[in-house]
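Asker: Sequence:
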Amino acid sequence: MAEFTMELNDEQREVRDWIHGFAADVMRPAAAEWDEREETPWPVIQEAAKIGLYSLDFYAQQFFDPTGLGIPMAMEELFWGDAGIALSIVGTGLAAVGVLANGTEEQIGTWVPQMYGDADDVKVAAFCSSEPDAGSDVGSMRTRAVYDEAKDEWVLNGTKTWATNGGIANVHVVVAVVDPELGSKGHASFIVPPNTPGLSQGQKFQKHGIRASHTAEVVLEDVRVPGNCLLGGKEKLDERLARAREKAKEGGERVKNAAMATFEASRPAVGAMAVGTARAAYEEALEYAKTREQFGRPIIDNQGVAFQLADMRTQIDAARLLVWRASWMAVTGKPFTSAEGSMSKLFASEVAKKVTAQAVQILGGNGFTREYPVERMHRDAAIYTIFEGTSEIQRLVIARTLSGMPIR
Numbered sequence: 017m018a019e020f021t022m023e024l025n026d027e028q029r030e031v032r033d034w035i036h037g038f039a040a041d042v043m044r045p046a047a048a049e050w051d052e053r054e055e056t057p058w059p060v061i062q063e064a065a066k067i068g069l070y071s072l073d074f075y076a077q078q079f080f081d082p083t084g085l086g087i088p089m090a091m092e093e094l095f096w097g098d099a100g101i102a103l104s105i106v107g108t109g110l111a112a113v114g115v116l117a118n119g120t121e122e123q124i125g126t127w128v129p130q131m132y133g134d135a136d137d138v139k140v141a142a143f144c145s146s147e148p149d150a151g152s153d154v155g156s157m158r159t160r161a162v163y164d165e166a167k168d169e170w171v172l173n174g175t176k177t178w179a180t181n182g183g184i185a186n187v188h189v190v191v192a193v194v195d196p197e198l199g200s201k202g203h204a205s206f207i208v209p210p211n212t213p214g215l216s217q218g219q220k221f222q223k224h225g226i227r228a229s230h231t232a233e234v235v236l237e238d239v240r241v242p243g244n245c246l247l248g249g250k251e252k253l254d255e256r257l258a259r260a261r262e263k264a265k266e267g268g269e270r271v272k273n274a275a276m277a278t279f280e281a282s283r284p285a286v287g288a289m290a291v292g293t294a295r296a297a298y299e300e301a302l303e304y305a306k307t308r309e310q311f312g313r314p315i316i317d318n319q320g321v322a323f324q325l326a327d328m329r330t331q332i333d334a335a336r337l338l339v340w341r342a343s344w345m346a347v348t349g350k351p352f353t354s355a356e357g358s359m360s361k362l363f364a365s366e367v368a369k370k371v372t373a374q375a376v377q378i379l380g381g382n383g384f385t386r387e388y389p390v391e392r393m394h395r396d397a398a399i400y401t402i403f404e405g406t407s408e409i410q411r412l413v414i415a416r417t418l419s420g421m422p423i424r
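Numbering (my numbering), first residue to last: 17 to 424.
Calculated from the structure, these hints are not laboratory results.
There could be a bad hint or two in this list.
Claimed, not checked - Straight-line alpha carbon distances no greater than 30 Å define the calculated DSS-like cross-link-like pairs of lysine-lysine that follow: (1) K265 with K252; (2) K167 with K250; (3) K250 with K265; (4) K306 with K369; (5) K139 with K265; (6) K263 with K139; (7) K250 with K306; (8) K252 with K263; (9) K139 with K220; (10) K223 with K167; (11) K350 with K252; (12) K263 with K250; (13) K223 with K350; (14) K66 with K167; (15) K167 with K252; (16) K369 with K167.
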């Protein structure tokens with residue numbers, strides 16, 4: 017078991033510096049353009065693919081880092097570069113995690129490579145869970161999957177929303193209801209292969225932030241997928257549903273659903289994204305405060321500014337430590353007995369919102385214009401307290417874990 021350490025080894029530092037170089041040299045110069053265009057930055061993704069940054073191999077190496085710090089380190093550097101472009105680069109990872117968390121070895125080997133493609137033919141994937149009436153309330157999910165035993169096919173119908181890469185993805189991972197009587201415990205995840213009839217893109221959302229990342233509805237109308245596209249297989253599903261029904265009868269059932277298993281695995285990574293954006297805004301504000309003069313001296317000479325920067329840096333470092341702790345616990349198999357994964361996501365996302373707002377304030381009128389990047393960073397940071405579980409949901413998870421009570 018790897019010991020917890022705050023010191024990166026030589027290989028990790030080399031990878032960090034490599035990612036940082038790409039973020040500084042390729043992502044940052046393109047950030048404002050793709051934010052304005054509100055389009056998927058395919059050329060930047062392709063550049064990432066050419067150097068191996070956008071690839072299954074790279075994320076697998078980071079995922080299996082025995083210290084657990086590979087993924088959060090990579091996320092922080094990419095989102096330091098630009099949150100919208102970074103989400104376009106890493107958005108496929110959520111779908112990949114969905115397959116890794118719930119799929120068989122054969123399914124992982126078959127579908128995850130198709131999510132990325134290669135440098136000459138870049139692909140993306142989408143994880144589809146949220147619905148118009150089922151965001152935080154996953155128990156209200158309506159997308160249905162019905163098994164056609166005669167053809168060994170599953171038939172999917174419903175509408176998904178807020179799907180990163182939704183509709184433009186090569187592979188979609190869709191969470192659907194297979195047993196409505198079990199609520200959120202009656203869910204399962206399905207692979208929808210490329211060019212499957214019945215799947216289409218609905219509304220594409222025009223967003224406040226992360227505008228270079230494609231977010232849209234996914235409409236499923238009599239979408240038929242082979243039986244082997246059920247992640248984990250039908251035998252495993254039937255066993256899980258039987259346990260859930262038995263537990264429901266006993267009144268003490270506590271079984272994780274497919275969507276929540278995916279989100280739990282990814283929350284510390286989202287925290288790392290927030291740390292990256294916060295750090296970028298802090299660095300911009302620090303440099304500005306050292307060079308901007310008012311009343312004959314740099315504004316950092318004023319305690320009102322200097323103390324803000326001190327607090328910003330302290331909060332960023334604290335957030336990173338929570339993320340690293342949760343990531344280390346996850347990779348070493350330590351249970352989140354105090355909801356440490358949710359803690360890391362909650363704190364880091366709130367820090368990102370606060371720090372980016374402070375950066376805008378320090379830059380004053382300049383911070384409110386698009387001539388300076390902190391305005392974009394502030395807009396981007398708003399998403400961290402919303403997606404993959406709002407801050408309110410994180411607090412609920414933490415409170416329930418600490419108390420053992422069904423807090424509502």
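Asker: I'd like to know which numbered hints this structure contradicts. Please list them from smallest to largest.
Answerer: 5, 6, 7, 10, 13, 14 and 16
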